[in-house]
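Q: Each chain is listed here by its residues.
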Amino acid sequence: GAVVSQHPSWVICKSGTSVKIECRSLDFQATTMFWYRQFPKQSLMLMATSNEGSKATYEQGVEKDKFLINHASLTLSTLTVTSAHPEDSSFYICSARGAGGGFETQYFGPGTRLLVL
Amino acid sequence: QKEVEQDPGPLSVPEGAIVSLNCTYSNSAFQYFMWYRQYSRKGPELLMYTYSSGNKEDGRFTAQVDKSSKYISLFIRDSQPSDSATYLCAMRFNKFYFGSGTKLNVKP
Numbered sequence: 054g055a056v057v058s059q060h061p062s063w064v065i066c067k068s069g070t071s072v073k074i075e076c077r078s079l080d081f082q083a084t085t086m087f088w089y090r091q092f093p094k095q096s097l098m099l100m101a102t103s104n105e106g107s108k109a110t111y112e113q114g115v116e117k118d119k120f121l122i123n124h125a126s127l128t129l130s131t132l133t134v135t136s137a138h139p140e141d142s143s144f145y146i147c148s149a150r151g152a153g154g155g156f157e158t159q160y161f162g163p164g165t166r167l168l169v170l
Numbered sequence: 780q781k782e783v784e785q786d787p788g789p790l791s792v793p794e795g796a797i798v799s800l801n802c803t804y805s806n807s808a809f810q811y812f813m814w815y816r817q818y819s820r821k822g823p824e825l826l827m828y829t830y831s832s833g834n835k836e837d838g839r840f841t842a843q844v845d846k847s848s849k850y851i852s853l854f855i856r857d858s859q860p861s862d863s864a865t866y867l868c869a870m871r872f873n874k875f876y877f878g879s880g881t882k883l884n885v886k887p
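Chains as they are written, first to last, in my numbering: chain R, 54 to 170; chain Y, 780 to 887.
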């Protein structure tokens, strides 16, 4: 299958700082990227969907001003957690899908673990 | 009530055993039912998916869906140590709904 990378894999930051997480599709063009969050022992929860060149669509309950998503190119999407607080500590994982692809062609990155002190 | 319920395990079995992993769900609108495997420090990878009730087989893996009971299963025959991973069930209606994952350990 196709490869999706995330960077960084681990990040520790102080409360109040902003953190940027990158998601890259390495061998295909991702017209749509998804961002998920997973708390310990809980399910992956969809945060937002972004289409290249368009504003992201956020799921209910997700603050768009806190979780800024940019999908400026067909191979890169970024998630910025602004003014991070300890309750934002979580596992963030992205997935990417190419043009015309169904859900079975949605490939996941390895995830980024964020710890806010 | 959660949309998708999955026992987190861990589940530990000897090599060669038959493994049964299960999920229940509450939304009868779900149309696609998937199983993902996630190795440590890797993203989930799609193992199998089914559209309707019934069984689907792929090698050592069999996915089973019972829509009337809102219950899905993944069976792994002749389990191998390389099958040790976290298995996530997922369902789809407009978007994905994931279970919390079951951690499986197959002992040599």
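No wet-lab data here; the hints were simulated from the structure. Among the clues, some could well be false.
List of simulated lysine-lysine pairs, DSSO-like, C-alpha gap at most 30 Å [as the list claims (entries may be wrong)]:
#  : chain 1 : residue 1 : chain 2 : residue 2
1  : R       : 94        : Y       : 821
2  : Y       : 849       : R       : 119
3  : R       : 117       : Y       : 886
4  : R       : 117       : Y       : 835
5  : Y       : 846       : R       : 117
6  : R       : 73        : Y       : 846
7  : Y       : 886       : Y       : 821
8  : Y       : 874       : R       : 94
9  : Y       : 846       : R       : 108
10 : Y       : 835       : R       : 67
11 : R       : 94        : Y       : 886
12 : Y       : 886       : R       : 119
13 : R       : 108       : R       : 119
14 : Y       : 882       : Y       : 835
15 : Y       : 849       : R       : 73
16 : R       : 119       : Y       : 846
17 : R       : 94        : Y       : 835
18 : R       : 94        : R       : 119
19 : Y       : 849       : R       : 94
20 : Y       : 886       : Y       : 874
21 : Y       : 835       : R       : 73
22 : Y       : 882       : R       : 108
23 : Y       : 835       : Y       : 874
24 : R       : 67        : Y       : 821
25 : R       : 108       : Y       : 835
As the structure is a prediction and not an experimental result, all values here were calculated from the model.
Q: Does each hint hold? Answer for all of them.
A: How the hints compare with the structure:
1. R/94 <-> Y/821: holds, 17 Å
2. Y/849 <-> R/119: Not OK: residue 849 of chain Y and residue 119 of chain R at ~36 Å, beyond 30 Å, violated.
3. R/117 <-> Y/886: Between residue 117 of chain R and residue 886 of chain Y the Cα gap is close to 45 Å, so the pair fails against 30 Å, i.e. violated.
4. R/117 <-> Y/835: violated, 40 Å
5. Y/846 <-> R/117: Violated, at roughly 36 Å.
6. R/73 <-> Y/846: violated, 41 Å
7. Y/886 <-> Y/821: With a Cα-Cα distance of about 21 Å, the restraint between residue 886 of chain Y and residue 821 of chain Y holds, given a limit of 30 Å.
8. Y/874 <-> R/94: Roughly 21 Å between the alpha carbons, so the hint for residue 874 of chain Y and residue 94 of chain R holds.
9. Y/846 <-> R/108: Violated: residue 846 of chain Y and residue 108 of chain R sit about 36 Å apart, past 30 Å.
10. Y/835 <-> R/67: violated, 48 Å
11. R/94 <-> Y/886: Given pair residue 94 of chain R, residue 886 of chain Y holds - Cα atoms ~23 Å apart, limit 30 Å.
12. Y/886 <-> R/119: violated, 44 Å
13. R/108 <-> R/119: holds, 15 Å
14. Y/882 <-> Y/835: holds, 22 Å
15. Y/849 <-> R/73: This hinted pair is violated, its Cα atoms lying about 39 Å apart.
16. R/119 <-> Y/846: Between residue 119 of chain R and residue 846 of chain Y the Cα gap is close to 38 Å, so the pair fails against 30 Å, i.e. violated.
17. R/94 <-> Y/835: This hinted pair holds, its Cα atoms lying about 28 Å apart.
18. R/94 <-> R/119: The hint holds at about 24 Å.
19. Y/849 <-> R/94: holds, 22 Å
20. Y/886 <-> Y/874: The given pair, whose Cα atoms are some 35 Å apart, is violated under the 30 Å limit.
21. Y/835 <-> R/73: With a Cα-Cα distance of about 41 Å, the restraint between residue 835 of chain Y and residue 73 of chain R is violated, given a limit of 30 Å.
22. Y/882 <-> R/108: violated, 36 Å
23. Y/835 <-> Y/874: Holds: residue 835 of chain Y and residue 874 of chain Y sit about 22 Å apart, inside 30 Å.
24. R/67 <-> Y/821: Satisfied, since the Cα-Cα distance of roughly 26 Å is no more than 30 Å.
25. R/108 <-> Y/835: violated, 38 Å
Violated hints, in rising order: 2, 3, 4, 5, 6, 9, 10, 12, 15, 16, 20, 21, 22 and 25; the structure is consistent with all others.
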